[in-house]
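Model the placement of chain P on the given structure of chain W, informed by the hints.
Number of protein chains: 2
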Amino acid sequence: MVNYPNGKKNTFHTAAASQADRGMALEKDINATNEYYLSIDRAVIHKKPTPVTIVKVDYPRRSAAKITEAYFKLPSTTDYNGIYRGKYIDFEAKECAQKTSFPLKSIHEHQIKHLSSVLNHGAIAFLIIRFTKLGETYLADAEETIRYINTCDRQSIPYEWFTEHAHLIPYNYVRPVDYLQVVDRLYFKENQ
Amino acid sequence: MVNYPNGKKNTFHTAAASQADRGMALEKDINATNEYYLSIDRAVIHKKPTPVTIVKVDYPRRSAAKITEAYFKLPSTTDYNGIYRGKYIDFEAKECAQKTSFPLKSIHEHQIKHLSSVLNHGAIAFLIIRFTKLGETYLADAEETIRYINTCDRQSIPYEWFTEHAHLIPYNYVRPVDYLQVVDRLYFKENQ
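If you read the sequences in order, they're chains W and P. The numbering of the first sequence is this note's numbering, which starts it at 6 and goes up by one. The numbering of the second sequence is this note's numbering, which starts it at 6 and goes up by one.
Just chain W, with the same shape it has in the complex (with noise of 0.2 Å):
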């Protein structure tokens, strides 16, 4: 559970504590990297908004539709796309409250089948590991990730495979998860 510096709870995050919490500081810093990275004009890539379906809008004022019932859906795609050097970017990113392993079932099946769908097609397509109890964040390569996915009989990816094969992502002050440096020396090669 979040508490914010108001010592007031977000609604929402009161409300559907388990489902929605999971992630939420991750997206938040990703969200602000990916705004810095818009704001200098290096990188055009958005979350998209979460998914739901709209079953009842109150429509009071022409100005102002009220939903009144709606419902989570399950993404069909990743959370995050867009362009950078005028590749096709592609990634999804989850928090991990475990400290030795990731578990998959985090990852939805058809999220996976959507990465491989774009790597096919060309895509850059990583996914994001924050290990929240060891303050690391790992960039790991999809094409990597479901090769070892589809080889190992295992419920989850011990933490020592991404040490060994994901990318800890540099953090500082403006972009929290600076992962267009990992994705310069990874995918173009580069050094820094």
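A hint or two may mislead.
Copies of the same chain look alike in the list, so a pair counts if it fits in one copy or across any two.
To be verified - Derived pair list, reagent style DSBU-like, types lysine-lysine, alpha-carbon separation capped at 30 Å:
hint, residue 1, residue 2
1, Lys53, Lys33
2, Lys118, Lys71
3, Lys110, Lys71
4, Lys61, Lys194
5, Lys110, Lys194
6, Lys104, Lys61
7, Lys194, Lys71
FYI, nobody ran anything at the bench for these hints, they're computed from the structure.
Leaving out everything else, chain P in the frame of chain W:
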């Protein structure tokens, strides 16, 4: 207002008619086309979910979160993006009920800004405009359209501009808006 075959009106349509109906038929056609493209692995292009600000969520059971208060948010990007032939694709789609011109107020300022932005980064970007009363759907290159908008003082783009500078999108049953046929010709210089 859309009337469904069973004589019932969809709650969402009934309630939020003027805002929500606009573009629904075109959206449905583009979604069907995108699903077809995806099914034959020709392209991975999705509509982004409608952005909403969630204010209240009821959480009676672990499995069923119900959103009880939410509001429509202005989109900060276009509705559609994805990857085709290794290129990042980005477009906005709008229905137009007028016969003689397309009113520019249907496209938000920040959507034009977003299109300029992705163009700068090497995207294939365009608008899909359907003149509903004429039954014609056009693909207009984003760069050309933005140039026209910036050089004219008008509040709308005349229909003749589309017949001269945009490209009629062919229709068929499985691909109701077969825009990739135009994309191939226009951006990949293919004769079909």
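Non-conforming hints, listed in increasing numerical order:
The structure conflicts with hints 4, 5, 6 and 7, although it agrees with all the remaining ones.
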